[in-house]
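Peer 1: Sequence:
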Amino acid sequence: MPAPAPDPPPPPRSTGLFHTAILYPTRAALADALRRLGVAGIRLDGASDHGVSEALYLRDPDQNGVELYWDRPREQWPLTPDGGLAMMTAPLDLAGLLREPPLEQSEAS
42 MPAPAPDPPP PPRSTGLFHT AILYPTRAAL ADALRRLGVA GIRLDGASDH GVSEALYLRD
102 PDQNGVELYW DRPREQWPLT PDGGLAMMTA PLDLAGLLRE PPLEQSEAS
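First residue of the sequence shown: 42, per our numbering; consecutive thereafter.
Hint data in this document are derived by calculation from the structure and do not stem from the laboratory.
Just so you know, not all the hints are guaranteed correct.
[Claimed, not checked] The calculated label-pair distances, taken between Cβ atoms and stated as ranges, are:
(1) Ile-83 / Leu-144: 13 to 21 Å
(2) Leu-58 / Arg-140: 30 to 38 Å
(3) Gln-104 / Pro-132: 17 to 25 Å
(4) Arg-68 / Thr-130: 36 to 44 Å
(5) His-60 / Val-80: 21 to 29 Å
(6) Ser-55 / Ala-136: 35 to 43 Å
(7) Gly-124 / Gly-82: 40 to 48 Å
All residues carry an ideal CB built from backbone N, CA and C; glycine is no exception.
Sequences are here, hints too, so could you generate the full structure?
Peer 2: Laid out in structure tokens, this is it:
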């Protein structure tokens, strides 16, 4: 008996899962994830610098959104003149991220 066809994805702007987010402990760990995505031929949907974090966006095989990110240390978070948090969405410098030294095998697992 063949498997049933998968349901189509929900229409844009409807309810449902927006994305799953996976937090990496360091920028170097996120860089290693980016390298592995490249080796596997997985295309990014986007890459953003949010000031407080750097994030990679992609789709899983079922077309669910996946965010891979790391948080900058709090002392590096951008602040407004009155001391509030100044989050942003700017393009992530992927070449700069890839300049992070690769993790040792024991650190990556």
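Peer 1: Each hint should be assessed against the structure and marked as holding or not.
Peer 2: Comparing the hints with the structure gives:
Between Ile-83 and Leu-144 the C-beta distance comes to about 19 Å, which sits within the given range of 13 to 21 Å. The supplied range of 30 to 38 Å is met by Leu-58 and Arg-140, whose beta-carbon atoms lie about 33 Å from each other. Checked against the hint of 17 to 25 Å, the pair Gln-104 and Pro-132 passes, with Cβ atoms roughly 23 Å apart. About 18 Å separates the C-beta atoms of Arg-68 and Thr-130, a value inconsistent with the hinted range of 36 to 44 Å.
A hinted range of 21 to 29 Å holds for the C-beta pair His-60 and Val-80, which are about 23 Å apart. For Ser-55 and Ala-136, the hinted distance range of 35 to 43 Å is satisfied, since their beta carbons lie about 36 Å from each other. Range check, Gly-124 to Gly-82: about 44 Å between beta-carbon atoms, so the 40 to 48 Å window is met.
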